[in-house]
Structure formats: structure tokens, C-alpha cells
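K.L.:
Residue-level listing of the chains:
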Amino acid sequence: MTSRIVANALLRDLSFCDGAAQRTNAAHAFRFALDFEPERVWPDLAFDTSSPLARYPVDARNEVAETIGAVARVAGTGAPKALDFINAHMETALVCRSDAIEGASSASNRELVGLCVLTNMHAPADRILVCAEALLHESIHQYLYKTERDDGNFCDLSEARTYRSPWSGNRIPLHSLIHACFVWYGLLSLWSQLARSTADDDELTPLRENASRVMFGFSFVRQMFAGASFPLASVEPDIVAVIDRIARIVPSAGPVDLEPSTLQDSLRRWESGAWVGQLAKSLQRIGASEPV
Amino acid sequence: MTRLEPPNLILLLYTDRADAVASVLLEQGQRLRCEVLAMSLSQLVNEAIVGRTWKWAGRTIDPSSTAVVNRLVSVEGGTGPFQSFVQRQQFWIWLAEALQGFAYVSSVPSAISPVGSFGSLLDQWSDLPELVSGIRVPAHRAGGSTAELRGDVYVVDPWHLYNLGRRAAIEPGPTGRHGDLAYVRPAGRLFHVAQVGNTIIIPNAPPGMRQEQRDHIVSFTRSMSALSPNRILEYAFFEGNEVPVFYSTCPIPVVTGRLPGYADLVVTGLQDDIENSSQRTAARS
Numbered sequence: 004m005t006s007r008i009v010a011n012a013l014l015r016d017l018s019f020c021d022g023a024a025q026r027t028n029a030a031h032a033f034r035f036a037l038d039f040e041p042e043r044v045w046p047d048l049a050f051d052t053s054s055p056l057a058r059y060p061v062d063a064r065n066e067v068a069e070t071i072g073a074v075a076r077v078a079g080t081g082a083p084k085a086l087d088f089i090n091a092h093m094e095t096a097l098v099c100r101s102d103a104i105e106g107a108s109s110a111s112n113r114e115l116v117g118l119c120v121l122t123n124m125h126a127p128a129d130r131i132l133v134c135a136e137a138l139l140h141e142s143i144h145q146y147l148y149k150t151e152r153d154d155g156n157f158c159d160l161s162e163a164r165t166y167r168s169p170w171s172g173n174r175i176p177l178h179s180l181i182h183a184c185f186v187w188y189g190l191l192s193l194w195s196q197l198a199r200s201t202a203d204d205d206e207l208t209p210l211r212e213n214a215s216r217v218m219f220g221f222s223f224v225r226q227m228f229a230g231a232s233f234p235l236a237s238v239e240p241d242i243v244a245v246i247d248r249i250a251r252i253v254p255s256a257g258p259v260d261l262e263p264s265t266l267q268d269s270l271r272r273w274e275s276g277a278w279v280g281q282l283a284k285s286l287q288r289i290g291a292s293e294p295v
Numbered sequence: 321m322t323r324l325e326p327p328n329l330i331l332l333l334y335t336d337r338a339d340a341v342a343s344v345l346l347e348q349g350q351r352l353r354c355e356v357l358a359m360s361l362s363q364l365v366n367e368a369i370v371g372r373t374w375k376w377a378g379r380t381i382d383p384s385s386t387a388v389v390n391r392l393v394s395v396e397g398g399t400g401p402f403q404s405f406v407q408r409q410q411f412w413i414w415l416a417e418a419l420q421g422f423a424y425v426s427s428v429p430s431a432i433s434p435v436g437s438f439g440s441l442l443d444q445w446s447d448l449p450e451l452v453s454g455i456r457v458p459a460h461r462a463g464g465s466t467a468e469l470r471g472d473v474y475v476v477d478p479w480h481l482y483n484l485g486r487r488a489a490i491e492p493g494p495t496g497r498h499g500d501l502a503y504v505r506p507a508g509r510l511f512h513v514a515q516v517g518n519t520i521i522i523p524n525a526p527p528g529m530r531q532e533q534r535d536h537i538v539s540f541t542r543s544m545s546a547l548s549p550n551r552i553l554e555y556a557f558f559e560g561n562e563v564p565v566f567y568s569t570c571p572i573p574v575v576t577g578r579l580p581g582y583a584d585l586v587v588t589g590l591q592d593d594i595e596n597s598s599q600r601t602a603a604r605s
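Protein sequences appear in the order of chains F and Z. Quick note on numbering: the first sequence equals residues 4 to 295 in my numbering. Quick note on numbering: the second sequence equals residues 321 to 605 in my numbering.
No lab work stands behind these hints: they were computed from the structure. Glycine included, C-beta positions come from ideal geometry on N, C-alpha and C. Certain hints may be false.
Under the rule of at most 20 Å between Cα atoms (straight-line distance), these lysine to any residue pairs were calculated in the SDA-like manner [stated by the list, open to error]:
id : chain 1 : residue 1 : chain 2 : residue 2
1  : F       : Lys284    : F       : Arg272
2  : F       : Lys84     : F       : Arg152
3  : F       : Lys284    : Z       : Glu417
4  : Z       : Lys375    : F       : Glu262
5  : Z       : Lys375    : F       : Gln267
6  : F       : Lys284    : F       : Arg216
7  : Z       : Lys375    : F       : Asp268
8  : Z       : Lys375    : F       : Pro263
9  : Z       : Lys375    : F       : Ser264
10 : F       : Lys149    : F       : Arg164
11 : Z       : Lys375    : F       : Lys284
Computed, partial: chain Z to chain F, Cβ under 8 Å [what the hints assert, rightly or not]:
id : residue
12 : Cys354
13 : Ile369
14 : Phe411
15 : Ser430
16 : Gly439
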């Protein structure tokens, strides 16, 4: 059974906001290994990770490794807690390419803690942010797997029904949906922290779009949990409580908190910069939760 | 039990004057027992001052005594009042939050649609049997599954709620594009049911529809009325061999909205639902 202390620790450990973080010129790097020639067959992917066909040509590997290195520098300078978190929980990334998967993708598996698969990381135009999202996303899964292993599962793993994720739009099992709530909370924290550490409009725009996407999903989590067919009793009560807390507070970082005005004015003000401060304030409120 | 006064204003929020529900309220709103105030999406975004109360066109709108008929059927597209995707997304978040403060909401926004939705055909065929006992849905399998289907197998894009798809190839096994849904087409013709609150009409019922089939529909729609936050729905059913087989539900009355009796359904059903809603709220308090 997940205790209230463990549930609250999730909020703390997955918060990468740090108002005191300073940009430094120190060298930043990931410590996990990159495996470009995996022998392991990943259990639940649409392609065989051990196949030579899933390997990058030798002369293309450096480009992917450079992208991953760039992620380390971005995280290290803008969100050092996120860099430390990834280094603490990721051991090896299997780096593959495949036509069976459209675009970039990543995967974790409960039976393979410490490992993840990164697929087609060369593909997206904004590959540094996509790769950053993938690495933190999968590192959070490793952390959640370990927490469940040590302190009990967050929900009934035998619950076979699926539910539509308000973030990805995919139908996923209950345990994946519960993990997703924490993964997206952690990612929102990353986007917020990176936004606080830059004043560059070109850098802020994709961070704002990413943050808005996460906020959108959290706006509908409580509705989903309240649905007549949702197996709320199959989820640990303290896990429900912390997710409910996130889902109540995160949407309030939108234009809804601004003073009475037309929506168009509120939306413009929010979009032009107020979002960074409001989001940081919301995340601090969540992180400051003592008893939920 | 506390007696709560029913809302004294109906606020119609709409994007399309041709939407069947919006059209009835715009043209026949005087038939309802309280005033109908119509506000387009553009007016909501650009003119209304929104906060604890709303102010618009010299009026103050108090959400606690106002019923909202949400017909913001689409907030997408380039002609709307939003200057970016993020603005549209943030508006949607705001809408979902803001409507919770009203005394009555006809359609609660979901992550899939601003007028609420039970999702794709796959969502509906997976989720509704969990909610409504006795409902029958077509035998089906999602794209990629190799489960064998026997009968008149069709393949459909599950997001096309008004498309029956195409007949599958003769060969067994996985069919169609990834994401397609294969199903066994039930017997009989397709007919539609329109529901507003607890009131229904079956304007294109099959000529030989038996009483037990009609009872099945009534029982199903009562269950939906009891559990659904979406008060305005249209359903498609196949006649079936014994009881009707559910095909889909949609918050937009694409078929029944054009048929005789729909305007009366909206007026009567909405009036009753708003009044019953205030009684339900009072009973809970």
C-alpha cells in the first residue's frame, strides 16, 4: 500500500523547479550508456530492437549522440535538478531506428528497470526538446517502477480495461494512466523551469506549447476519475489524492486567474509571458503540499 | 429537502447558427419559460467580461442562477477568434472550468470535444457496456488484432461516428489501416434516437419496431440520462434480431436535428431537464 509520505514524496521528487538555479558554464553530461547495437529484444515494441535493421549506420550515430549531449547541456544549464534526476535513474538507453514507428518515440518496461528505448531521435525538427522529453519521461518511469517495487503498486495491475489518455489520446491501461499523471507533472515542471531560465522568445514558444498541452490534459483528469466506469477503488487513495491535487491546481495557471477582462485580453497577456510566472506559482503550490 | 429555484436565464453559447439545437433556441427561444440570451463564440471571447459574474451587452450574468446550453460544437479552424493553437487550447481549459460554476450545463466539455463526447466508436463500444446493463454493441476488433470475426464484417475509421465503413475483404485476419476498427454489421436497418435530458424521440423508427425493442431504447436512454453529463445526445442503433444494437452516440444531432419533432424535443426536454436539475441539486443539498 502506498503511504501518504510516499505519495507526497512523488510530488517533491518530480519537481524540477528551482528558483535559485543559476546558469553555469560547467560541462554537463549524462552518465547513462548509449547502446547502438542492442542484443536485447524489447518485449512490447512494434519492431525487433536486436535486429540489424534497427541499428543506425555507424556514421549516423554521432548525430544522435550529439543530440543527447545537447539535451544534457540544456538540462544542466536550465534545469539542473532534471539532469541529476535522469542521471540517477537511467542506466542504459537502447538507441534504435525503425520504419515501424512513425516519428520519434520512446519506451520503458516494468520488467527492465533502468533501461529505455529511444527510437528515431534523428527525425523531429525540434529534436533536442523531443529527446529531452523522451529522456525525462522514461527516467520518471524508472523512478516510479522503483517506488512501486519498494513501497507497493499505485493501482491494481490486473485491471485490464483501458482509458483514453488526455495527453496522448491513446487508450492505455489503468497503471499506465496513473504513471502518465506523474510523468506529465514532471514534464510540466521541466518546461516551467526551462522557461524561467530563458528570456529568448524563440526558446519560450515551444516550451509554452508543451506546457499548454500538459495543462490541457490535467484539466480533464478529475472528470475522468469521476466517471461512472472509472475504477477509482483500484487506485491507492493517497495516489488519487496527490493526482487530484495536481489536477485541481495546474489548470489554474491558465488565464482563468487573471483579473476580470475579455477572454481575448486574458489569453493575449497569458500567452505573451504571464504563463511562466503563473505556472511556477501553481507548481510551488503543489510542491508545498504537506498532507494532501 | 431544500427547494432551489430553477435558473432564471438560459445562456446559449454557440459557434454555428445552423446547429439544430442552437437554431431552435435562436428562433424559438420564446417558447421556453425563461429568457434565452444567445452569445456567439466570438462575442464570448471578444466582448464578454468574464469573472465570478459575466458582463455583456449591458447585462450581468450570474452563473449560479443561469443555465448554459453549450453549443460550442467546434472551436477549431482558422476563422475563429483565436490567434494561436495555444490560445484555443487555453480557452478550452477555461471553458471546462468556467462552466462548472453554472446552475445547469447541457454539455460538459471533455478532452475530445468542447461539447463533450463519449469518444470514438471503439471508446463507446468499450466503455458504454460497463455503464449501461443490457446494451448490445457490435462484435468488433481493433486494428492489429487477429481475433476472428464471423458474419458481415465491415471496417471503419472509429472516429467517423456517422460512417458505417466498408465491407471487409474476404480473407480473414487483420484488416485495413492501423487504427481501423473491424466489426460485424448487425442485422436490420439503422435508426436514430434523439435525447434531451430524459425526453426522447425516435423520428425514423423502423416500421415494424416491436414494443420490447422500444422498451429497450427507453431503458437505455433512461440509464444514459442518469449517468451522462451530456444532456443532449443522438444515438444510432441497428434494428437487430431481438433487441436493437447500439452503433454510436454523438452530441450533435446530425440526423434527428433535421427531422420533424426535433424543435419540440429541444423545448420540452430542455425545460424539463433544467427544472429537474435544480430539484436534483436541492435533493443533494
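K.L.:
If a hint holds in the structure, say so; if it doesn't, say that too.
P.N.:
Status of each hint after checking the structure:
1. F/Lys284 <-> F/Arg272: Holds, at about 16 Å.
2. F/Lys84 <-> F/Arg152: With a Cα-Cα distance of about 23 Å, the restraint between F/Lys84 and F/Arg152 is violated, given a limit of 20 Å.
3. F/Lys284 <-> Z/Glu417: With Cα atoms ~19 Å apart, F/Lys284 and Z/Glu417 stay inside 20 Å; holds.
4. Z/Lys375 <-> F/Glu262: holds (13 Å)
5. Z/Lys375 <-> F/Gln267: Holds - the C-alpha atoms of F/Gln267 and Z/Lys375 are around 14 Å apart, at most 20 Å.
6. F/Lys284 <-> F/Arg216: Satisfied, since the Cα-Cα distance of roughly 18 Å is no more than 20 Å.
7. Z/Lys375 <-> F/Asp268: Given pair Z/Lys375, F/Asp268 holds - Cα atoms ~15 Å apart, limit 20 Å.
8. Z/Lys375 <-> F/Pro263: holds (10 Å)
9. Z/Lys375 <-> F/Ser264: Cα-Cα ~10 Å, so holds.
10. F/Lys149 <-> F/Arg164: Roughly 24 Å between the alpha carbons, so the hint for F/Lys149 and F/Arg164 is violated.
11. Z/Lys375 <-> F/Lys284: Not OK: Z/Lys375 and F/Lys284 at ~28 Å, beyond 20 Å, violated.
12. Cys354: Constraint on Z/Cys354 not satisfied, violated at 25 Å.
13. Ile369: For Z/Ile369, the interface hint holds, since the closest Cβ of chain F sits about 5 Å away, which is under 8 Å.
14. Phe411: holds (7 Å)
15. Ser430: The hint holds - Z/Ser430 has a Cβ within 8 Å of chain F, the shortest such distance being about 6 Å.
16. Gly439: holds (6 Å)
Of the hints listed earlier, those the structure fails to meet are numbers 2, 10, 11 and 12, in rising order.
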